[in-house]
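**Q** The lines below spell out each chain.
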Amino acid sequence: MGFSPQAFWSFLISVWQAYRLDRPLSHHDVRLVIMRQIYFTGLQAFRLVGMGALILGVITVAQSASQLTRLGGSDAIGPILVGAFIRELGPLVTVVVVVARSVSAIASELSSMKANGEIDGLRATGISPLSYLVVPRVLSGAISTLLLAIHFVWISFSVGFLVSQFFINMPADRFIENVFMNITGIDLLIFILKTFTLGCFVFLLACFCGLRTAGTTLEIPQATTKAVVWSFMLSFGVQIAISGTYYLILLQRSGLGGLI
Amino acid sequence: MTPSKKAENIWKLSGLGSAAGPGELEIQDANLEIKQGDRVAILCEKPSTRSLLLRILAGLRPVRIGSLEIFERKTRKLEFFEDWDQIFQRSVRQKLGVCLEIEGLVSNVSVREGMELLYRFKSGHESGRSRTQVAEQVQKTCDLFEISNIQEKRPFMLTTSERRLAGIARAWVSEPETLLLEEPTRGLNEKYRKILWRVFQNILSSPEQTLVASTDDWIFAHAFCTRWIVFENSRIVFDGKPSDFFKGKFEILNEVRELKELRGLLDGLLGEIA
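Going down the list, the sequences are from chains W and U.
The first sequence runs 471 to 730 under my numbering.
The second sequence runs 174 to 447 under my numbering.
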């Protein structure tokens, strides 16, 4: 079964209607699920994302610092860090980790719940699976993605700071000023769009794939694969679209738009 | 056991046809009304037909042909993952207590937590029930069903009989006016069967209480249901009192050895209950 935009749209509407009707966040049980999911999706992935940030941070900063020192442009380290980690690598690596770890887990969890008759059981007894299962997973997934991306940026900036101390002998206050003066509102908007908003959609896709099965165990791996593939496609597409639009606007503003 | 004079129509099926999947209809041209206070047994030698009808009544399977009204409101085809709750603003599911053959107990919570969850959700966020009130209601239900000893267990730790009883207890926790049960006695051992018997005698003492059960347990159907709906070849062939089933049109069946034995069993059991 391929991706059906109509079915996904109708799923989104149903989730919204269930949210309005049940106000799931006012339920103690739903808040408990949110906390549990943040623990699984966010906290348990902290070490993995931290490792990624450490490795990428060392590589990126060491490479750019060595080149910049040779060219005498060590002050450019700030814009490079902001561009690389806040706008591009931070959201990208975080979403890749989240899709690989949690999207697959949620899709298989929901599809096995469907195969075990738990979804029908919930619906029949008057608990909306959308309010009890989907809303908390989407919300906690989006929050976790944002938190993980912040964690990534924090680690990579810390690495950048250490490398700048050892490789280019940049004073600490100059490094901090150099980095923070280069963070703009647009950078933060892009960061939120690529993490929180994209996180929402990626987890909605995971729930959609998990719940759209007919309820056989055979479909569990299929639903998981679909959720991961579609989430990666969505993530890469959105990342490319946002970055592409940003750089196009940047080029237009700097008067180089005619070159494209 | 007499239904109230102004019994509300709970379900009305007109020319209903449906199937669990693509292909031939498993229910054809079903016309029936189920009113408040009815105790209905859906009987059919084909389990999929009786199960399908029960799931249609619970809003879990679509109607392919004909129409279905619930609480005198017309239902429509549901979109993907749309539910009656969204169409009727939660006015329907609150009145229904459903237990399917696969109970679908939430696997990561205990029996008690699952019942509390359902009770809180069913009451709605605006009900303002305190945790103590919820806990009391759940305990009352556990005591009624004699499952206090298993209430802290998770579903995977339960035996088939315990799961069945826990599922029916969960359906009853909010004391809905209508109970919809799919194969309520399936997999119950003797001990839990007796408990279920006592529970139903208690629950069904109110004439307003409606019960719809799809079952192949004729003894259960005879003991608790005053109306039998019998399917044969996807069509309703009998809808009436159990006593009428054994005479008149189906008189010939009385000669069947199994039915004779069944009647003997029923008489013995009813005598025991009395």
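A portion of the hints provided could be inaccurate.
Short, incomplete list of chain U residues facing chain W, as computed with Cβ under 8 Å [to be verified]:
#, residue
1, Lys219
2, Ala231
3, Leu273
4, Ile275
5, Gly277
Covered by chain W, per the in silico footprint, the following chain U stretches (three or more residues, Cβ under 8 Å) [stated by the list, open to error]:
#, region
6, 278-286
7, 394-401
8, 436-444
Simulated from the structure, these hints should not be mistaken for lab results.
In this text, a Cβ means the ideal position worked out from N, Cα and C, and glycines have one as well.
**Q** All hints are to be evaluated individually against the structure, with a verdict given for each.
**A** Each hint tested on the structure:
no., hint, result
1, Lys219, "20 Å, violated"
2, Ala231, "5 Å, holds"
3, Leu273, "6 Å, holds"
4, Ile275, "3 Å, holds"
5, Gly277, "2 Å, holds"
6, 278-286, "holds (count 3)"
7, 394-401, "violated (count 0)"
8, 436-444, "violated (count 0)"
When each numbered hint is compared with the structure, violations occur for hints 1, 7, 8.
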